[in-house]
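A.B. asks: So the chains spell out like this:
Protein chains: 2
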Amino acid sequence: MWKPDRSSDQTLYHQIADEMERRISYGEFPPGSQLPSERKLAEQLGVNRSTVIQAYEELRALGIIESRTGSGTRVSKFKWGATPKHTPNWHRYVEGGHFLPNLPYLRRIREVLQKDPTLIDFASGELNSELSPNEEISTLMKEKKFKEYLGYDNPQGYMPLREELVSYLSRYRNIQTTDSSILITSGSQQSLYLITQCLLAPGDAVAIEDPSYIYSLPMFQSAGLRLFRLPVDEKGIRPEDIRALYKKNRIKMIFVNPNFQNPTGTLLDQERRMELLGIATELGLPIVEDDPFSLTAYDGVPPMPLKSYDQLGSVLYIGSFSKIAASGLRVGWMVAPHSVVERLADARQQMDFGLSVVPQRIAAHFLASDYFQPHLEQLRMRLQYKRDSLIDALQKELPGQVTFTIPQGGLHLWCKVIPQVNDNKLFEEAIRRGVVIAPGSVYGSDSGYVRFTFARTKEEEIAPGIAKFAEALRTVLS
Amino acid sequence: MWKPDRSSDQTLYHQIADEMERRISYGEFPPGSQLPSERKLAEQLGVNRSTVIQAYEELRALGIIESRTGSGTRVSKFKWGATPKHTPNWHRYVEGGHFLPNLPYLRRIREVLQKDPTLIDFASGELNSELSPNEEISTLMKEKKFKEYLGYDNPQGYMPLREELVSYLSRYRNIQTTDSSILITSGSQQSLYLITQCLLAPGDAVAIEDPSYIYSLPMFQSAGLRLFRLPVDEKGIRPEDIRALYKKNRIKMIFVNPNFQNPTGTLLDQERRMELLGIATELGLPIVEDDPFSLTAYDGVPPMPLKSYDQLGSVLYIGSFSKIAASGLRVGWMVAPHSVVERLADARQQMDFGLSVVPQRIAAHFLASDYFQPHLEQLRMRLQYKRDSLIDALQKELPGQVTFTIPQGGLHLWCKVIPQVNDNKLFEEAIRRGVVIAPGSVYGSDSGYVRFTFARTKEEEIAPGIAKFAEALRTVLS
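These protein sequence lines are chains R and P, in that order.
Going by full-length UniProt numbering, the first residue of the first sequence is number 1, and it counts up by one from there.
Going by full-length UniProt numbering, the first residue of the second sequence is number 1, and it counts up by one from there.
It is worth saying that the hints were derived from the structure and are not from the lab.
Just so you know, these numbers come straight off a predicted model, no measurement behind them.
Some hints could be false.
Claimed, not checked - Think about it this way: if two alpha-carbon atoms lie no more than 30 Å apart in a straight line, the pair counts; the simulated BS3-like pairs of lysine-lysine are: (1) P:Lys147 to R:Lys145; (2) R:Lys3 to R:Lys115; (3) P:Lys396 to P:Lys142; (4) R:Lys458 to R:Lys396; (5) R:Lys147 to P:Lys144; (6) R:Lys425 to R:Lys458; (7) P:Lys142 to R:Lys142; (8) P:Lys247 to R:Lys145; (9) R:Lys115 to P:Lys144; (10) R:Lys144 to P:Lys142; (11) P:Lys3 to R:Lys147; (12) R:Lys77 to R:Lys40; (13) R:Lys145 to P:Lys3; (14) R:Lys142 to P:Lys147; (15) P:Lys145 to R:Lys145; (16) P:Lys147 to R:Lys458; (17) P:Lys144 to R:Lys145; (18) P:Lys145 to R:Lys3; (19) R:Lys144 to P:Lys115; (20) R:Lys235 to R:Lys247; (21) P:Lys235 to P:Lys396; (22) R:Lys142 to R:Lys458; (23) P:Lys458 to P:Lys468; (24) R:Lys147 to P:Lys145; (25) P:Lys458 to R:Lys144; (26) P:Lys147 to R:Lys3; (27) R:Lys147 to P:Lys458; (28) R:Lys468 to R:Lys458; (29) R:Lys3 to P:Lys144; (30) P:Lys144 to R:Lys144; (31) R:Lys77 to P:Lys247; (32) R:Lys458 to P:Lys144; (33) R:Lys147 to P:Lys115; (34) R:Lys40 to R:Lys425; (35) P:Lys145 to R:Lys458; (36) P:Lys115 to P:Lys147; (37) P:Lys77 to R:Lys247.
Construct the complete structure from the given sequences, taking the supplied hints into account.
C.D. replies: Right, here's the structure in full:
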């Protein structure tokens with residue numbers, strides 16, 4: 001990414017004016033399009049706002065850009081000679097599609113973290129690099145000579161990985177399946193996208209947990225689905241609620257995350273699991289079971305998935321490497337009846353023509369290697385340690401001001417703040433103090449909840465991060 | 001994939017019955033679901049149909065499956081005990097989504113090639129492994145130690161690859177751009193998917209070439225777009241046609257593949273290029289320029305893309321490694337105004353949470369390496385050689401029965417058959433004789449055209465393949 005060169009003879013504002021002129025001439029900002037605000041560009045480039053103001057004045061003087069009060073700075077249309085030449089109205093195209101943008105909170109989180117990598121990150125739901133098997137993967141890449149044909153892959157995914165997953169699922173998840181029932185996806189997100197796009201139609205009603213990370217995915221709204229809530233208590237959802245939703249709203253599918261649920265960390269109670277399966281089969285309703293966290297169980301005894309009790313093929317099971325190895329591999333899987341797998345694989349061909357064989361091959365080698373089991377043990381130990389650090393810090397910094405249930409697995413701690421605070425104020429004040437959190441409303445909760453992810457945060461930053469958060473909370477409450 | 005063991009003491013039909021019982025119990029075929037037909041299963045397993053009939057009889061005797069005339073063989077519901085237990089009606093879910101399945105021809109091509117790898121393949125639009133830089137990529141994987149953090153990637157794609165693409169695009173395509181105007185995609189298919197999903201809305205009209213590979217993509221119909229045709233002659237589309245389509249149908253976007261067009265191999269005439277850009281800017285219409293083949297120009301002088309003349313930011317430029325290096329890498333790119341790139345990157349987060357860094361990193365190393373330029377030279381030479389072999393074979397086997405324009409680049413030869421034949425009959429007869437072709441109707445043409453891809457076919461199979469095709473044609477015409 002371009003930054004001005006502070007050691008150059010040329011002034012900063014000249015450098016910025018030249019760079020922006022270059023970008024405009026390259027089509028990054030076509031005639032008539034909006035330029036970044038002075039404040040935003042100054043942030044991006046790490047200069048004072050006044051420097052950007054000077055640069056923009058320079059470009060205005062050259063007739064390259066123009067500003068109007070209330071509508072910001074735009075690339076001049078004039079420069080490009082006589083009408084009738086028009087650049088497409090990109091604004092209209094960008095607004096015109098039916099795909100909803102990401103939630104403002106999530107965009108803001110991504111932006112502030114990109115801008116300032118020194119922020120303490122309790123928001124990103126992923127593992128820190130110290131928890132990922134980077135060294136092991138690097139070694140496998142080096143040792144296992146790549147000999148595969150680099151043509152288009154099988155639409156269901158790379159066969160050796162599907163075969164490894166058959167034994168992985170049997171050994172670690174008590175799921176008996178075959179390679180033809182497995183679809184490799186580029187992570188749980190793609191599994192959910194395929195389900196919402198290909199098995200459901202706009203207007204269909206579905207049941208999801210409340211709170212749920214699914215509220216953070218405009219994907220469901222983009223697909224035109226109507227969402228109905230299954231409140232989560234300390235034992236998970238109450239399966240009886242499904243019957244009522246079915247009667248009233250004809251729900252067509254149930255989405256659950258039963259093992260160390262995101263964001264609450266809750267484990268669905270064993271009795272309720274059987275009840276949930278019973279009601280689903282009674283009503284002929286499919287269950288989508290998202291199971292990314294179970295192998296992180298701190299006691300080393302992962303809870304068994306619903307799928308392992310699923311005798312009737314009612315459960316679409318979703319797994320992934322993202323939360324137990326590395327999100328950047330982009331390798332996930334789905335176990336489903338063959339007709340479903342076939343349909344989704346076919347539709348995926350239209351979206352991206354299937355996955356790259358390269359990360360799939362690494363995933364297969366990693367599963368088959370002697371690295372996998374020790375990696376899991378390390379991961380559990382370290383996550384538990386980080387969870388404990390977070391709890392210690394919260395108890396020290398905010399005694400009586402936060403309540404939570406201690407999670408027994410997963411990457412998150414779900415925290416209620418007392419007394420209730422305004423989500424947005426707390427979020428912004430925390431950023432000002434150098435800490436990024438995920439406000440509860442992202443997950444469909446009322447104001448006053450926070451999801452702390454301790455997996456992404458560096459160990460030594462947890463205590464200072466919570467101290468800063470405590471200051472932010474005090475400021476908002478004062 | 002499971003196959004019966006012919007050296008086992010157990011009979012083949014017993015082995016098959018056991019395997020199918022296992023798959024049913026694992027949920028691959030839930031109660032009530034359809035099993036593969038006897039013919040299909042026999043094909044898959046490489047056994048006689050009578051063996052499968054015996055295996056199914058065995059399972060029927062055990063009450064595990066049931067057959068009814070006209071509705072094939074299904075998994076019995078009875079076995080699973082008392083009602084009221086229901087498996088979801090997967091058939092309804094699979095049919096219920098709004099995503100259209102792939103064309104029957106393309107599914108059939110994929111199926112027959114998967115089943116019988118000895119078929120001579122003139123249908124798959126990709127490079128053979130001898131044309132792909134497998135050795136070079138394998139070496140780069142081994143030599144460049146993987147040190148990257150395996151977390152979620154930047155939504156626009158891996159920065160070092162975007163930086164390499166800035167110089168690649170300048171050097172090879174005469175396109176001046178910046179890393180912030182580039183979106184890395186998992187190939188041209190995903191670029192097109194993002195454009196159709198996010199910049200267009202159902203009911204929008206778009207103009208596409210006729211014939212065009214876009215007709216082979218139900219993607220456009222799934223997005224609810226109305227397609228209008230721009231006939232391709234020996235100089236490409238006639239830009240004046242756009243004005244008429246705009247007036248009558250208010251088209252909102254133009255899709256073109258100007259360099260060695262798929263399927264016709266046509267090069268859009270230089271004068272028409274300027275005229276196309278002029279009309280597009282006059283009407284304020286965006287052009288989507290798909291440019292996968294230009295670096296294959298056999299004379300070593302790739303035609304310049306429309307994007308290189310695009311002063312107003314009207315062109316969304318799509319490129320990819322698939323046709324010049326390896327389709328299995330799944331790495332492509334788009335160059336577009338920043339607001340478009342930002343929107344598509346944001347939407348892609350909802351679909352798959354971005355790309356794996358692993359293939360992107362290989363692509364970046366490959367572009368930066370000393371392997372890239374010699375690879376391109378080799379590729380051109382070999383493609384030209386294969387094109388010549390194909391032309392020789394066609395002239396020898398089918399004198400006066402086929403006409404075509406000799407392509408100067410790309411992977412395909414577009415061939416008219418004289419007299420006109422029935423597409424489907426020719427297609428099936430060719431398969432029976434051991435050759436797979438892509439019928440012209442896949443690309444929106446009338447019957448009687450064939451696309452021969454010579455890039456995928458093994459060199460030594462081209463002449464025998466065309467001999468078999470000639471036999472098939474004679475059979476259909478007789």
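A.B. asks: Taking the hints in turn, state whether each one holds.
C.D. replies: Do the hints match the structure? See the list:
no.: 1; hint: P:Lys147 to R:Lys145; result: holds (18 Å)
no.: 2; hint: R:Lys3 to R:Lys115; result: holds (13 Å)
no.: 3; hint: P:Lys396 to P:Lys142; result: violated (46 Å)
no.: 4; hint: R:Lys458 to R:Lys396; result: holds (19 Å)
no.: 5; hint: R:Lys147 to P:Lys144; result: holds (17 Å)
no.: 6; hint: R:Lys425 to R:Lys458; result: holds (25 Å)
no.: 7; hint: P:Lys142 to R:Lys142; result: holds (5 Å)
no.: 8; hint: P:Lys247 to R:Lys145; result: violated (58 Å)
no.: 9; hint: R:Lys115 to P:Lys144; result: holds (29 Å)
no.: 10; hint: R:Lys144 to P:Lys142; result: holds (9 Å)
no.: 11; hint: P:Lys3 to R:Lys147; result: holds (24 Å)
no.: 12; hint: R:Lys77 to R:Lys40; result: holds (23 Å)
no.: 13; hint: R:Lys145 to P:Lys3; result: holds (28 Å)
no.: 14; hint: R:Lys142 to P:Lys147; result: holds (12 Å)
no.: 15; hint: P:Lys145 to R:Lys145; result: holds (13 Å)
no.: 16; hint: P:Lys147 to R:Lys458; result: holds (19 Å)
no.: 17; hint: P:Lys144 to R:Lys145; result: holds (13 Å)
no.: 18; hint: P:Lys145 to R:Lys3; result: holds (28 Å)
no.: 19; hint: R:Lys144 to P:Lys115; result: holds (28 Å)
no.: 20; hint: R:Lys235 to R:Lys247; result: holds (24 Å)
no.: 21; hint: P:Lys235 to P:Lys396; result: holds (28 Å)
no.: 22; hint: R:Lys142 to R:Lys458; result: holds (28 Å)
no.: 23; hint: P:Lys458 to P:Lys468; result: holds (15 Å)
no.: 24; hint: R:Lys147 to P:Lys145; result: holds (18 Å)
no.: 25; hint: P:Lys458 to R:Lys144; result: holds (27 Å)
no.: 26; hint: P:Lys147 to R:Lys3; result: holds (25 Å)
no.: 27; hint: R:Lys147 to P:Lys458; result: holds (19 Å)
no.: 28; hint: R:Lys468 to R:Lys458; result: holds (15 Å)
no.: 29; hint: R:Lys3 to P:Lys144; result: holds (27 Å)
no.: 30; hint: P:Lys144 to R:Lys144; result: holds (14 Å)
no.: 31; hint: R:Lys77 to P:Lys247; result: holds (25 Å)
no.: 32; hint: R:Lys458 to P:Lys144; result: holds (27 Å)
no.: 33; hint: R:Lys147 to P:Lys115; result: holds (22 Å)
no.: 34; hint: R:Lys40 to R:Lys425; result: holds (21 Å)
no.: 35; hint: P:Lys145 to R:Lys458; result: holds (24 Å)
no.: 36; hint: P:Lys115 to P:Lys147; result: violated (40 Å)
no.: 37; hint: P:Lys77 to R:Lys247; result: holds (25 Å)
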